Every structure is written in structure tokens, then in C-alpha cells.
Amino acid sequence: MAVSLGPQHPGAGHFRIKLWLDGDFLVRSEPDAGYVHRGEEKMGEYRNYIQNVPHLERPVILDSSNILLAYSLGVDELMGVTAPPRAQYLRVIMSEANRIISHMYFLGIMGIFVGHSTMIEWAMGDRDFWIDFAERIGGARVTFAYVIPGGVRNDIPEFAIEKGLKTCDWFEKRMDEYEKIFLKNPVFVQRSHAVGVLSSKDAIDLGSTGTVLRASGVKHDLRRDEPYCAYPELEFDVPVLNDGDSWARSYIALLEMRESVKIIRQCLKKLPPGSVRLKLGPQPRVPPGEVYSRTEAARGEMSYHIVSDGSPRPYRLKIGTPSFKNLRALPHLLRNVHVADIPVIYWSLNYWPVEADR
Amino acid sequence: MSQAATTPPAAPAKPAPPQAKPEPVRAADVASKIRARFPEAKVDWMKERRLKVTVPPEKIKDVSSFAKVELGFDHISTVSGVDWIAKNELEVVYFVGSTAPGWVDFVLAIAERIPRDNPVAQTLVGVWTGADYNERETHEMLGINFQGHPSPAHLLLPEDWNDLPPLRKDYVSPGR
Chain A
1 MAVSLGPQHP GAGHFRIKLW LDGDFLVRSE PDAGYVHRGE EKMGEYRNYI QNVPHLERPV
61 ILDSSNILLA YSLGVDELMG VTAPPRAQYL RVIMSEANRI ISHMYFLGIM GIFVGHSTMI
121 EWAMGDRDFW IDFAERIGGA RVTFAYVIPG GVRNDIPEFA IEKGLKTCDW FEKRMDEYEK
181 IFLKNPVFVQ RSHAVGVLSS KDAIDLGSTG TVLRASGVKH DLRRDEPYCA YPELEFDVPV
241 LNDGDSWARS YIALLEMRES VKIIRQCLKK LPPGSVRLKL GPQPRVPPGE VYSRTEAARG
301 EMSYHIVSDG SPRPYRLKIG TPSFKNLRAL PHLLRNVHVA DIPVIYWSLN YWPVEADR
Chain B
359 MSQAATTPPA APAKPAPPQA KPEPVRAADV ASKIRARFPE AKVDWMKERR LKVTVPPEKI
419 KDVSSFAKVE LGFDHISTVS GVDWIAKNEL EVVYFVGSTA PGWVDFVLAI AERIPRDNPV
479 AQTLVGVWTG ADYNERETHE MLGINFQGHP SPAHLLLPED WNDLPPLRKD YVSPGR
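Those sequence lines, one after another, are chains A and B. Counted from 1, the first sequence has number 168 at position 168 by my numbering; the numbering is strictly sequential. So the mapping is simple: my numbering equals the position in the second sequence, first residue as 1, plus 358.
The hints are simulated quantities; they were obtained by calculation from the structure and are not laboratory data. Nothing here was measured: the structure is a model prediction, and the numbers come from that model. Heads up, a few of these hints could be off.
Pairwise CB distance ranges, derived in the manner of DEER restraints [said to hold, decoys possible]: (1) Val-3/A to Asn-503/B: 30 to 40 Å; (2) Tyr-529/B to Ala-2/A: 25 to 35 Å; (3) Ile-112/A to Pro-516/B: 29 to 39 Å; (4) Arg-285/A to Pro-473/B: 48 to 58 Å; (5) Lys-201/A to Ala-394/B: 28 to 38 Å; (6) Lys-184/A to Glu-517/B: 41 to 51 Å; (7) Gly-460/B to Val-3/A: 42 to 52 Å; (8) Glu-172/A to Lys-417/B: 47 to 57 Å; (9) Gly-460/B to Gly-23/A: 43 to 53 Å; (10) Asp-132/A to Ser-509/B: 41 to 51 Å; (11) Ser-509/B to Val-339/A: 22 to 32 Å; (12) Pro-510/B to Val-189/A: 33 to 43 Å; (13) Glu-235/A to Ala-385/B: 20 to 30 Å; (14) Tyr-529/B to Gly-23/A: 28 to 38 Å.
Listing some non-contacts, in silico: residues in chain A with all C-beta distances to chain B over 10 Å [unchecked claim]: (15) Ser-4; (16) Pro-54; (17) Thr-82; (18) Ser-117; (19) Thr-143; (20) Ile-161; (21) Pro-186; (22) Leu-254; (23) Pro-273; (24) Gly-281; (25) Arg-313; (26) Ala-340.
Here are a few chain B residues that face chain A, going by a calculated C-beta distance under 10 Å [what the hints assert, rightly or not]: (27) Val-451; (28) Pro-459; (29) Tyr-491; (30) Ser-509; (31) Leu-513; (32) Leu-514.
Where a beta carbon is used, it is the ideal one built from N, C-alpha and C, also for glycine.
Full structure from sequences and hints, please.
Below, the structure written as C-alpha cells:
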């Protein structure tokens, strides 16, 4: 029997999965993306390099600083400029705050998918403290347009540093509680352990990235392997789990948030003085050339292929988003499983339809 | 206890002799190996650790298999495409990397240029399975037909899209 899951299903997001069932057994599946495709790449060709800043963060509103960071690093490289040291630290602070905001959302929705309502309430409540933190720096709550080519938009106010350090301390204690009540909860472990196992060989072959790849035992993190901004000066670990199942893909989010808190604390403490942006003007001159820039976003490798022909607008702007890269693993995992396991496997990939469709 | 005290302490275990490690491949070796094997390839550095190789379309499968099997580029990152309308060419670029320690930061861009009026390319799904959806996207957005692709249906565009491929330069967004 063929069944459509989505695109209006509350769990699927703006996304459809075609399922072929035999009783309550899923034989095979095929994802159908594109319901929220907006043509961001085509739009990018109509706007200049600064006008592109606010609209390029729209596909990834949960992780808006990381997608802009990859773009800004690419444009910086094309122009041959480097952001000032203080901006490098502020870029890292915002990126890590976004990573926590995104991972908290991920864990909360995972709670809903397995019927654990405490986790969604806690996650949404505590996520708000990080949104507050980002608001004090960027001025907005979701899409900050904070990271721009040549640096960041504005400096961090003094009181945000103090409050940020407080949030770090408090959040560290909370994470132990999430671990106890949700991630090590026997019910959740039973629902997700050994469910949707992705071997490291398959994860590499399917082009998976980010948490999916690291939960399958592959140590691949661009913050450590291709360090950008202030990451070379910071101390943090790259958590890797070998299970490759839905539980590992969820638990690794918690481990990464612990590292993110460490990173934010270090950055807030050793924020160097100086300016936070270069004066590029409203229509910067970008020489002809081609770059491939990337960052480690919350869901994985965020990449840009920018081709400039010397005009004020990019000739080609290819956005490679981690959700799109991880999508190929979905039909690989969603076969020969029970219907009850579909939500857990689907959400464990941390798939965000808007990000994949662009 | 007392017996343990009278016996001489065991000599510290000798560290195992270091095994002969294979000589690590240097970034420059990748370029020279590709040049030696495929003299027709155009090899240039986009910057340090970013190598772009442009090959004739009929060679792309050989170059890709060589890059994967012999050079260790096992992980596909993105497939991009550029419409060079003034030259009447379409360019397909595969960005591939490696998951081996110390090599993650190296990106190999394998590019091919095909004529705009006959946009046929070979699929690389057989080399990297992850190229699957990337090629489907490139197919619908730039109108490149990947020969041998297992399911070349539309992915992001509607099934009944019958206009020009939207990322072609002669496609103008409605209202512009």
C-alpha cells in the first residue's frame, strides 16, 4: 500500500515522504522535497552582496548566523579582506548561540515525536534564554542579519557579556537535567536505540554531514579540521559517537551544546578590543573570481560556491545546506522498519525542509 | 604484599618499535598525480587546500573514480552548476572532500564544461551515492541531463514545470 506522509502532516513539516507499506511494516520510502522552495539562489543573483545578507538567512532561521557566516567568509575571501579580531570572536559567539538554539529546538521536537512532553516544554523555555542572549547582541530574536561581510553589524553591549556568562552557568546545570529526564530516560532509549542505524561507511558514501556523520563515528568537524574565525584560539572537543542510531544522533546534540557553552564562555572572557567591522560601503567592489567557503553549522556543513564576474551582484550563488546533504540518508534508513519508528528516524536526521529547499 | 616488595620491580615495557607509516600525501601531490594520470585536465588552485580540476566531459567518470579510489576523496559535499551564457557553455562542479584525518580541509572541485545546446553529462552516482539528489537539483535548475541517473525526476521544482530551467541566465524571474 502506498501512503503519503505529509506535506500537511503536523510532524512532517513542509515535506512529504512517500511510503510503501506492508501492514505496519515499511518496505521502502521516497522523500519528496521542494514544497518550500523559494529560489534563494536565483534571488541572490538579483541582489548585491550586502542586500543578500538579510534574505540569505531566511532558509535557516534557527541557525541564521551560521549560514551568513559561510556567506560572509566567502565574500571576505573574494574581496581579500579579513574581519577584525573582535568581529571574529563575535561571529563565533553568535554562531554557537545559534547552534544551541537549533539543537534545543531539535531536542524539543524529538520529545514530541516520542510522546515526551516535558522535553518540549523545557526545551522551548530554556531556548528562550539563548534567544534573549542573541537579542541583546543582534537586536532581533530570530533572524539577526548580524554576521555581514567584513565583520559583524554592531558591537556587543557590556551588560550582554555579564548576562551571557550567567546564562552559561545556569544552562550547564540544566543540561544535566535534560540528560537525566530525556536522553538517558529508559523509555526514550528503548524507542531510539538501535533504530535507524547508519554505518560510518554508508554515512560517508551518502554524503551525510554534521551530527549525522559524527553520530556514525566519523570525526569530521570543520571548526576543528578547517578552523575559521576565532576557533583556532579556543579549546573545545568534538564529540563523536559510534552507535550511528537515532539515540546517538539525539545525544550528540546535547554533547555539542556542552562544548558550545564552553566556547561562548571563553569568547566572552577573552573578547579582544577593537573595531567590529570593516568599512565596505553599501555596494562593495568584489573582483572576479570563484570561492568555495564553508562553516560547521548546527546541522552540518554549510557551504557556498560564489562566482563573481566583477559586477556588483554575484554571478552565481550556490548554497549547499546540511539538511539537503543529509536528505539522501532518509530513504536509506526508512526501509524495512516499523511504521512506529518513522518519526524518530526522520527527526533524528535533524532535517529542516526550509533549509533543504532553499 | 611482602613478596611483591622483595621482587625487583618489573622492567618498564619497551615501547613497540614505531611501525613504518606510509608517507603522507601532500596537497601538491594530488595536483601532480592528477596531472600525470590525466594530462588533458586543467589543474589550478582556487586557494590553498582548494584544488579545481577541469576535465573534458567524457573523462569525468574516470577522474572521479581515480579521485575516490586512489586519492581518497570519499565524501561528496555539493554539486554546483554555472551557466556561462556568453560562452554558450554550462559548467558542472562537483565539490568533494575526504574524511581521512588531516584531509578534511582539502576540497577537490572536479568541473566539466558542456555545450549549452546539448547539455548532456555523465552521472557520478555510481562513484558517490551522495551525488544523487545533488545531480537531480542541477538537472532541474540548469537543465543538464545526467545520463545513467537512476531517477532524474524533479526534486525541488513542481512536476509540471515547463518553463526554462530557472537558474539559466536567460530565465527571468516573473515580475523582473
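Cross-check of the supplied hints:
| no. | hint | verdict |
| --- | --- | --- |
| 1 | Val-3/A to Asn-503/B: 30 to 40 Å | 32 Å, holds |
| 2 | Tyr-529/B to Ala-2/A: 25 to 35 Å | 34 Å, holds |
| 3 | Ile-112/A to Pro-516/B: 29 to 39 Å | 30 Å, holds |
| 4 | Arg-285/A to Pro-473/B: 48 to 58 Å | 33 Å, violated |
| 5 | Lys-201/A to Ala-394/B: 28 to 38 Å | 29 Å, holds |
| 6 | Lys-184/A to Glu-517/B: 41 to 51 Å | 45 Å, holds |
| 7 | Gly-460/B to Val-3/A: 42 to 52 Å | 46 Å, holds |
| 8 | Glu-172/A to Lys-417/B: 47 to 57 Å | 54 Å, holds |
| 9 | Gly-460/B to Gly-23/A: 43 to 53 Å | 49 Å, holds |
| 10 | Asp-132/A to Ser-509/B: 41 to 51 Å | 46 Å, holds |
| 11 | Ser-509/B to Val-339/A: 22 to 32 Å | 24 Å, holds |
| 12 | Pro-510/B to Val-189/A: 33 to 43 Å | 41 Å, holds |
| 13 | Glu-235/A to Ala-385/B: 20 to 30 Å | 27 Å, holds |
| 14 | Tyr-529/B to Gly-23/A: 28 to 38 Å | 46 Å, violated |
| 15 | Ser-4 | 14 Å, holds |
| 16 | Pro-54 | 18 Å, holds |
| 17 | Thr-82 | 13 Å, holds |
| 18 | Ser-117 | 34 Å, holds |
| 19 | Thr-143 | 22 Å, holds |
| 20 | Ile-161 | 32 Å, holds |
| 21 | Pro-186 | 34 Å, holds |
| 22 | Leu-254 | 24 Å, holds |
| 23 | Pro-273 | 30 Å, holds |
| 24 | Gly-281 | 25 Å, holds |
| 25 | Arg-313 | 12 Å, holds |
| 26 | Ala-340 | 27 Å, holds |
| 27 | Val-451 | 7 Å, holds |
| 28 | Pro-459 | 7 Å, holds |
| 29 | Tyr-491 | 5 Å, holds |
| 30 | Ser-509 | 8 Å, holds |
| 31 | Leu-513 | 6 Å, holds |
| 32 | Leu-514 | 4 Å, holds |
Taken one by one, the earlier hints fail for this structure at numbers 4, 14, listed in ascending order.
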